[in-house]
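The primary structure of each chain is shown beneath.
Number of protein chains: 2
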Amino acid sequence: MAATGEETDGRPSWLVRKIRGLLLDISGVLYNGSEGGGEVIPGSVEAVEKLKAAGYKVQFCTNEDQCTREQLVHKLARFGFKLLPTELHAPSPVARKLLQERNLRPLLLMHPGGLAEFEGMDFLNPNCVVIGGAEDQFTYERMNKAFRLLLNSDNPVLLATGCGRYYRSGSNLLLDGGPYTKALEFACDVKAEIVGKPAATFFLAALEGIHVSPEDAVMIGDDIVSDVGGAQACGIRGVQVRTGKFRPEDENHPTVKPDGYVDNLAQAVDLILKYN
Amino acid sequence: MAATGEETDGRPSWLVRKIRGLLLDISGVLYNGSEGGGEVIPGSVEAVEKLKAAGYKVQFCTNEDQCTREQLVHKLARFGFKLLPTELHAPSPVARKLLQERNLRPLLLMHPGGLAEFEGMDFLNPNCVVIGGAEDQFTYERMNKAFRLLLNSDNPVLLATGCGRYYRSGSNLLLDGGPYTKALEFACDVKAEIVGKPAATFFLAALEGIHVSPEDAVMIGDDIVSDVGGAQACGIRGVQVRTGKFRPEDENHPTVKPDGYVDNLAQAVDLILKYN
Chain G
1 MAATGEETDG RPSWLVRKIR GLLLDISGVL YNGSEGGGEV IPGSVEAVEK LKAAGYKVQF
61 CTNEDQCTRE QLVHKLARFG FKLLPTELHA PSPVARKLLQ ERNLRPLLLM HPGGLAEFEG
121 MDFLNPNCVV IGGAEDQFTY ERMNKAFRLL LNSDNPVLLA TGCGRYYRSG SNLLLDGGPY
181 TKALEFACDV KAEIVGKPAA TFFLAALEGI HVSPEDAVMI GDDIVSDVGG AQACGIRGVQ
241 VRTGKFRPED ENHPTVKPDG YVDNLAQAVD LILKYN
Chain B
1 MAATGEETDG RPSWLVRKIR GLLLDISGVL YNGSEGGGEV IPGSVEAVEK LKAAGYKVQF
61 CTNEDQCTRE QLVHKLARFG FKLLPTELHA PSPVARKLLQ ERNLRPLLLM HPGGLAEFEG
121 MDFLNPNCVV IGGAEDQFTY ERMNKAFRLL LNSDNPVLLA TGCGRYYRSG SNLLLDGGPY
181 TKALEFACDV KAEIVGKPAA TFFLAALEGI HVSPEDAVMI GDDIVSDVGG AQACGIRGVQ
241 VRTGKFRPED ENHPTVKPDG YVDNLAQAVD LILKYN
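Chains as they are written, first to last, in my numbering: chain G, 1 to 276; chain B, 1 to 276.
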């Protein structure tokens, strides 16, 4: 399929203004997850290499919170991606920074695989809750613990890594942290602060890391709301790939209109290298 | 404290129009629950007996879903109340009736103590979810099962016994079914049908059972929103007791204004017997 939103010379409208940096989603753009570990999306390894070789500043924006950045780099290396942990922008390190700045001691309602991102913090007498894709850790006992902590706080703080509804793990759909965040919000009459996508602070911090301003950047992702809509809300062009969780009905989304569509990351990069 | 909303002759304004029947909440009006089983609220046993002796039609409206009506009758008998299961109006039997009318096979996300109310139903290949105060049954595995069932339904049906946020059990606060209902609503983009209080259908069915019309009835309860507001929304006078979960700030509730306040059930009944 052709990239949409083309100008008469073949230049996509999202490339009319020059871009200097890119934010790339990982799952659904670089690879598709599955029970056995997943598979690379064809052309993505080469696309990332071509971007870097051409001098573009790139940051990888993910809401992954079930492993550390180091583990994610190793996982991606198995598919052929040569990334550094510092090129990854993930919610847990951002949450950690927020907690330290505000002198907060977290109760972590998180997946065990991602806990190492909070290593060395003070967990005694917690005074806030950090919630993520905790899976089996969402026991009634732990939910009650988080609920009581928030209910008894004068100034309750609930940080959420994201607000995803569910995700696919192999042949199964699993509840993400979003529904459990809604449960705690309702129980304690609090509003969670989203740390990861689609929070504007998250995208802007990623761009700060590569010294690119929003109007000079493009976010490429498969999630119409979290990736594309989130980026657009803070002045970053949002381009939707037709890989990962993309579904044809996304092209008629009631509120989010991407700046452009591409079949996959490889096509996006070819267009950038040709027209930018 | 005096009953509020008094007319000049001492008659409370909620007794200006004659009443024929009463809906009484149980927990917080007849007794206060606690870890050891709870304790009777002084004067309540005699108040119920006086009402019945005076010929009033009475139905007991509860969102209790963690035991059967028979078990609740036995529990109340230990406090001195002589009630029959048919005098209790509880959400599980209402849910059962709804399921049968609509030919639905439920996945029950309920407390084991209340399952007997659904005995003999068809649970094979469930096509809807009934959710209540399931406590430890709110495992990640069971929540995922309910979520997938709803997500895969063309016409998803989620019945909730109530929408309580939490309740006290002894010295502990425990999450009620409401937060978990919100979690499933968010995950599957569905709206739950509340079966128990504050649903209008619940109050009206209780009155139908005693052949009393809403304008001839009073609901007496300790929950400003679920008992008082719910009853008022379907034309039943709502009277708030200052027992159970009542808190002084309830008297300044932003949206619900009770038709009257009483210190406890005994005072309400004395006023009824004197002025009605």
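These are computed hints drawn from the structure, not numbers from a lab. It is possible that some hints are incorrect.
Derived DEER-like restraints, expressed as beta-carbon distance ranges [as the list claims (entries may be wrong)]:
(1) G:L151 - B:F79: 37 to 47 Å
(2) G:D270 - B:T255: 15 to 25 Å
(3) B:T255 - G:L174: 36 to 46 Å
(4) B:K145 - G:E251: 51 to 61 Å
(5) B:V58 - G:E251: 52 to 62 Å
Cβ coordinates follow ideal geometry from the N, Cα and C atoms, glycine included.
Going down the list of hints, with the structure as the test:
1. G:L151 - B:F79: 37 to 47 Å: Taking Cβ atoms as reference, L151 (chain G) and F79 (chain B) lie about 29 Å apart, which means the hint is violated.
2. G:D270 - B:T255: 15 to 25 Å: violated (58 Å)
3. B:T255 - G:L174: 36 to 46 Å: holds (38 Å)
4. B:K145 - G:E251: 51 to 61 Å: violated (32 Å)
5. B:V58 - G:E251: 52 to 62 Å: holds (60 Å)
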